[in-house]
Amino acid sequence: GAGVSQSPSNKVTEKGKDVELRCDPISGHTALYWYRQSLGQGLEFLIYFQGNSAPDKSGLPSDRFSAERTGGSVSTLTIQRTQQEDSAVYLCASSFAGGGEKLFFGSGTQLSVL
Amino acid sequence: EDQVTQSPEALRLQEGESSSLNCSYTVSGLRGLFWYRQDPGKGPEFLFTLYSAGEEKEKERLKATLTKKESFLHITAPKPEDSATYLCAVLSSSNTGKLIFGQGTTLQVKP
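Line by line, the protein sequences are chains A and B. Heads up: the first sequence runs through residues 191 to 304, numbered per our numbering. Heads up: the second sequence runs through residues 1006 to 1116, numbered per our numbering.
The hints are simulated quantities; they were obtained by calculation from the structure and are not laboratory data. Check the hints yourself; a few may be wrong.
As the list claims (entries may be wrong) - Taking lysine-lysine pairs in the BS3-like style, the calculated list, with each CA pair at most 25 Å apart, reads: (1) K1062(B) with K292(A); (2) K247(A) with K205(A); (3) K1073(B) with K292(A); (4) K292(A) with K1068(B); (5) K1084(B) with K1062(B); (6) K292(A) with K1074(B); (7) K1047(B) with K201(A); (8) K1064(B) with K1115(B); (9) K292(A) with K1064(B); (10) K292(A) with K247(A); (11) K292(A) with K1047(B).
Taking the hints into account, I'd like the entire structure generated from these sequences.
The following block contains the structure:
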């Protein structure tokens, strides 16, 4: 596609349920990033994939959060046993060369945990 | 610890009224400073990268400048379509791949 695609655009779930968020990066981009944006807050780094290297998971807030990237393309962010404080917009981005340079963001998934 | 602070949090301007947004940073070895624009309901859109003190970049009514401690985003004769949240982010030599973002400045330009 022309840009980074995220699905679903909105997700409402009950506390304690698991959710999966999907990101389809720009074709040819080797790096993929997940960020979280809470209401009125800046973007919070979650995880970074670069090529075949081990991902940088240093931003994941707890072991309830995990992410994988299959075939160097599509990525899934999974949140287990969701809590109300997980409510936020989850943004995915990709870049051609990695290293944090010039990210292209998707429109995000708005997650609401009731 | 790498930190980015943006000010003001919100800014209201009349159309044509020029102003500047500030981004102060502390980082262990700056590899790059980035400005993004974010419209409501959308992801951030890349504007500029600055790499060293004294560097300037321009795009239409926007000009970004960089010193060793801060960056400014100057908006000249803004139009209502410039209304958005402007985000500053830094990349340090100790955190490759991990952009550290400020909380943003929300700009509203009234006609």
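Does the structure keep K1073(B) and K292(A) at a Cα separation of 25 Å or less? holds, 21 Å
Measure nothing beyond the straight line between the CA atoms of K292(A) and K1047(B); if it is 25 Å or shorter, mark the hint as holding. Holds, because 17 Å separates the two Cα atoms, which is no more than 25 Å.
Regarding the pair K1062(B) and K292(A), is the alpha-carbon distance no greater than 25 Å? holds, 15 Å
Is K1084(B) within 25 Å of K1062(B), Cα to Cα? Answer holds: K1084(B) to K1062(B) is near 19 Å, not above 25 Å.
If you draw a straight line from the CA of K1047(B) to the CA of K201(A), is it 25 Å or shorter? Holds - the C-alpha atoms of K201(A) and K1047(B) are around 16 Å apart, at most 25 Å.
If you draw a straight line from the CA of K292(A) to the CA of K1064(B), is it 25 Å or shorter? holds, 16 Å
With the threshold set at 25 Å, check whether the alpha-carbon distance from K1064(B) to K1115(B) stays at or below it. holds, 21 Å
Does K1074(B) sit within 25 Å of K292(A), going by the straight-line distance between their CA atoms? With a Cα-Cα distance of about 21 Å, the restraint between K292(A) and K1074(B) holds, given a limit of 25 Å.
Distance restraint between K247(A) and K205(A), which requires alpha-carbon spacing of 25 Å or less: holds, 24 Å
Check whether the Cα positions of K292(A) and K1068(B) lie no farther apart than 25 Å. Answer holds: K292(A) to K1068(B) is near 17 Å, not above 25 Å.
Restraint check for K292(A) with K247(A), where alpha carbons must lie at most 25 Å apart: holds, 20 Å
The structure is consistent with each of the numbered hints, conforming to all of them.
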